[in-house]
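Chain residues, written in single-letter form:
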Amino acid sequence: MRILLIEDDHETAHYISLGLRDDGHEIAVARNGREGLNRAGLEKWDLLIVDRMLPEIDGLSMVKQLRHAGAITPILFLTTLGGVDDRVMGLNAGADDYLVKPFSFSELLARVAALGRRSPRLAVETTLSIADLEIDLLARTVKRGGIAVELLPREFRLLEYLAKHTEQTVTRAMLLENVWDVHFDPNTTVVETHISRLRSKIDRGQSIPLIHTLRGAGYTLRVPV
Amino acid sequence: MYATLTGISFLVLFSVIFLSTTRFMRHQIDDSVSSEVDEIMADAPDRGVVALQAVVEALAKHPSGFFYLLQDSNGMVRAGNLPAVDPKEGVREWPQSAKGRASAFSAIRGRGINLSGAYLFVGWSTHQLLEMEEMVIRSFAWGLAASIALALAGGLVMSGRLMHRIETVSQTSRDIIGEDLQKRLPVTRAGDELDHLAGSINAMLDRIEGLMNDLRQVTTDIAHDLRTPLTRLRQRLELANRAEHDADLARTTLASAVAEIDSILAIFSSLLRIAQIESGARRQGFKEVQLSELLGTIGELYRPMADENGQVLIETIESSLWVVGERELLLLLFANLIENALRHSPRGSTIAIRASGLGRMVHVSVVDDGPGIPQEMRDKVLQRFFRLESSRTTAGSGLGLSLASAIVKVHGATLELSDAGPGLNATVRFAAA
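Those sequence lines, one after another, are chains A and B. Everything in the first sequence is counted per this note's numbering, starting at 1 for the first residue and increasing by one. Everything in the second sequence is counted per this note's numbering, starting at 1 for the first residue and increasing by one.
Possibly wrong hints are sitting among the right ones.
Said to hold, decoys possible - Pairs of lysine-lysine residues, derived as DSS-like cross-links and limited to a Cα-Cα distance of at most 30 angstroms, are as follows:
#: 1; chain 1: B; residue 1: K183; chain 2: B; residue 2: K380
#: 2; chain 1: B; residue 1: K183; chain 2: A; residue 2: K101
#: 3; chain 1: B; residue 1: K409; chain 2: A; residue 2: K101
#: 4; chain 1: B; residue 1: K380; chain 2: A; residue 2: K64
To be verified - Derived list of chain A stretches under chain B, where covered just means 3 residues or more per stretch with a C-beta under 8 angstroms from a C-beta of chain B:
#: 5; segment: 4 to 12
#: 6; segment: 178 to 184
Claimed, not checked - Pairwise CB distance ranges (calculated):
#: 7; chain 1: A; residue 1: K201; chain 2: B; residue 2: R251; range: 46 to 52 angstroms
#: 8; chain 1: A; residue 1: D22; chain 2: B; residue 2: Q235; range: 24 to 30 angstroms
#: 9; chain 1: B; residue 1: D192; chain 2: A; residue 2: D185; range: 54 to 60 angstroms
#: 10; chain 1: A; residue 1: H68; chain 2: B; residue 2: R347; range: 55 to 61 angstroms
#: 11; chain 1: A; residue 1: A148; chain 2: B; residue 2: R347; range: 31 to 37 angstroms
#: 12; chain 1: B; residue 1: S418; chain 2: A; residue 2: I72; range: 53 to 59 angstroms
Hints are computed from structural coordinates only; laboratory data are not their basis. C-beta: ideal position from N, C-alpha, C; glycine also.
Sequences are here, hints too, so could you generate the full structure?
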């Protein structure tokens, strides 16, 4: 993926670019809002990572200007905990996702991957299938190996989110935000218990497990290689 | 100031009394003199000088207090007991001032009338009048002097006492500035404005002292709570450093070091969040929140965890309960209360979430049947970093309930911890939206 990082702090910029390069991305860094705005407009990018606090033009108005100019590039907004409404304001301004500093690298990689995969194709899909797992998004029914699996509404949403991000790492925070609309870390194993319930319904008695725990990173739904 | 005011009011009073009494006495004199003149005229039917002379002479012989004068047109005294005067018509008094008075008889007030070829004057001694005037002036002068002296003395005493009390207050304030925050301003039994003020200042000092103690406690607690994970972090990094030939050990050690840092960061995040909530800045974003739905989400979120712990989570939530607030903070509040209940209750216990509307109020309770919190500790658990077990071995930062308390406060609600017999009942009372 070609990623433009707009971040004024050298240390953070270095840390993020190193990690993303390791993960196989091509990355460029802009040091302030004006430079970021220029490069975002002139070149083609798969993703923009924008810090909230930037010299010259701050992150928020940068995102607003880009969206106003019609840019559709996915944007990941970086905020600090100190700014209460940063998340809401960032998303309102047109960012697609946000991440609160300090964040773990696995969280950043998972978000970047999720945003890179976003495509309009997903919006019109009504069924998802991974191996012998079939999910009907309209009827909200699930079948494994042709046999119907009974899921609670929230379990369905959990599975739906995992299936839409198949092959990708999905973090606890991403699940909390997208499945429960909870934007803080409850500091317990709540997500883990939900996943293990879902796993017992989807994978129990199956020769091929589909839901996998990635230690220290999150979860993924995929056919094991 | 006080003395001047007293003096002025005294003078006003004096002038009123002085003027009215002297006027009254002059009036009295004028009346009796007029009737005497009328009588003389009545006794001398033809009003001739000769007839009048006889009448006046007869009267002058028997001293009655009146003074008489009858003189002819040449200015010669024909009868009476006064020397000749300038024949002026009407009421006259002489000498004009009390100062020029030579004897008791020379101060006279009376009435003169011009008849054909004669001048008749009847007067009355003003001795008494002048005497009285003088007495009134003298007594008022003394009174004035005395009252001014009293006012001055009283003022001095009063202001002296006031100055003394103010001096005590400022001395105490200086003592408080210089370290001794326990000191309080003296409150006398007078119950006056100054005592009122001292009472308010003392209440303020109590609050400041409480806050200072909190701050001191929090500082100590932060230091204490961060030292433990930092020490562990240090040990792990050292271990990783020495594990140069064992890449796997190095990797797992580093991973656990990162987890340790995450827990330190979580403490900081919670502290920051509490501070931010307590500042009240988020109140601007408050809107109506469907509490029933929110509690449903929370219950649903935690039920699998309770199952896993062998605990039962029961929800009794009335539908469409609305409060004014921020959804995210309210989620955080009830997540904290439920996590607290789950963490501190043993296997097999029941945790109940109850929500109901009571008039204009919405009550939400999280009740467990675990060990509960002893009465005397219930206030303390809401403080930052406070934990019941001092060894701090169980999970948790000791910030959960203080975070809950801050969220409750910013919503204008109350949080009450009570005995569920056995267990803990945490009840939040909101005003309904």
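For each hint, the structure was consulted:
1. A C-alpha spacing of about 25 angstroms is found between K183 of chain B and K380 of chain B, which places the hinted pair at or below 30 angstroms, so the restraint holds.
2. With a C-alpha separation of about 45 angstroms, the suggested pairing of K183 of chain B with K101 of chain A is violated against the 30 angstroms cut-off.
3. Between K409 of chain B and K101 of chain A the CA atoms are separated by roughly 27 angstroms; this keeps the pair inside 30 angstroms, and the hint holds.
4. Between K380 of chain B and K64 of chain A the alpha-carbon distance is near 47 angstroms, which puts this suggested pair outside the 30 angstroms criterion.
5. Evaluation of the coverage hint for the segment 4 to 12 of chain A: breached, as 0 residues show C-beta separations to chain B shorter than 8 angstroms, against a requirement of three.
6. Counting residues of the segment 178 to 184 of chain A whose C-beta sits closer than 8 angstroms to any C-beta of chain B gives 5, which meets the bar of three, so the coverage hint holds.
7. Evaluation of the 46 to 52 angstroms hint for K201 of chain A and R251 of chain B yields a failure: the beta carbon distance comes to about 34 angstroms.
8. At about 28 angstroms, the CB distance of D22 of chain A to Q235 of chain B agrees with the hint of 24 to 30 angstroms.
9. The beta-carbon spacing between D192 of chain B and D185 of chain A, approximately 58 angstroms, falls within the hinted interval of 54 to 60 angstroms.
10. Evaluation of the 55 to 61 angstroms hint for H68 of chain A and R347 of chain B yields a pass: the beta carbon distance comes to about 57 angstroms.
11. Distance hint check for A148 of chain A and R347 of chain B: the Cβ-Cβ separation is about 34 angstroms, which falls inside the suggested range of 31 to 37 angstroms.
12. Restraint check, S418 of chain B to I72 of chain A: a C-beta distance of roughly 55 angstroms satisfies the suggested window 53 to 59 angstroms.
The structure fails hints 2, 4, 5 and 7 (numbered hints given earlier, in ascending order).
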